[in-house]
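Sequences listed follow chains A and B, in order.
1 is the number of the first residue of the first sequence in this note's numbering; add one for each residue after it.
1001 is the number of the first residue of the second sequence in this note's numbering; add one for each residue after it.
Warning: the hint list may mix true and false statements.
[Unchecked claim] Keeping only pairs whose Cα atoms sit at most 27 Å apart, straight-line, the calculated DSS-like set for lysine-lysine is:
no.	chain 1	residue 1	chain 2	residue 2
1	B	K1108	A	K9
2	B	K1111	A	K9
3	B	K1108	A	K57
4	B	K1073	B	K1108
[What the hints assert, rightly or not] One-sided excerpt, in silico: chain B residues whose CB lies under 10 Å from chain A:
no.	residue
5	D1031
6	K1103
7	L1104
8	F1106
FYI, nobody ran anything at the bench for these hints, they're computed from the structure.
Glycine is no exception: its CB is placed at the ideal position from the N, C-alpha and C atoms.
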Amino acid sequence: DSGVTQTPKHLITATGQRVTLRCSPRSGDLSVYWYQQSLDQGLQFLIQYYNGEERAKGNILERFSAQQFPDLHSELNLSSLELGDSALYFCASSVEGGYQETQYFGPGTRLLVL
Amino acid sequence: AQTVTQSQPEMSVQEAETVTLSCTYDTSESDYYLFWYKQPPSRQMILVIRQEAYKQQNATENRFSVNFQKAAKSFSLKISDSQLGDAAMYFCAYLETQGGSEKLVFGKGMKLTVNP
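Generate the whole structure from the sequences, applying the supplied hints.
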């Protein structure tokens, strides 16, 4: 158990819908990262937050957004869902972010868009 | 941008034997970090081992060790005394750092089968 929690574990929804994925980092970690794992794209970085502020953006679609709250949990919002958004979404956390630290991953949220 | 290549999509090994998983990467940086993560059927991403480029000594964690060849940009993982529980996808990753931001760049992964 990495100490990073993600909810829900599984999510099934329809095209055009909007969903919210939630992540709680390890105790004491200030930085949160979101990754997407799909069959065709592999594991890709989406976005990084540090203590509530966006630090880095990767291949994140405009339909996707994220935020980190004062209690340091983070949410990834996916809207206007398409079939191709079906994937495993991981959250990871590290103490600071930007200091070459190890990122510890949560168990992931498996999203299926029908 | 940095790239990570795992050229072998699948490998198999007999229980108790040794297997080596290969990984190459491309970077112009001199100081960086490399990781191996394991993803068993549960899909959880589990850290296996971490290597700091400025350290000449290869990292080891129990049965797992790396062969880090900085000049060749090669970072292979050796698993000794393979166990059934080692069966998983293994991902090599490069930690890309820029101005206070960080992200992991992953290879495509390699599926390891352990035969009893």
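To see whether the hints hold, each was checked on the structure:
1. B:K1108 to A:K9: holds (23 Å)
2. B:K1111 to A:K9: This hinted pair holds, its Cα atoms lying about 23 Å apart.
3. B:K1108 to A:K57: holds (21 Å)
4. B:K1073 to B:K1108: holds (17 Å)
5. D1031: Status holds, d = 8 Å.
6. K1103: holds (4 Å)
7. L1104: Holds: closest Cβ of chain A sits about 6 Å from L1104 (chain B), inside 10 Å.
8. F1106: holds (4 Å)
The earlier numbered hints are all upheld by this structure, with none contradicted.
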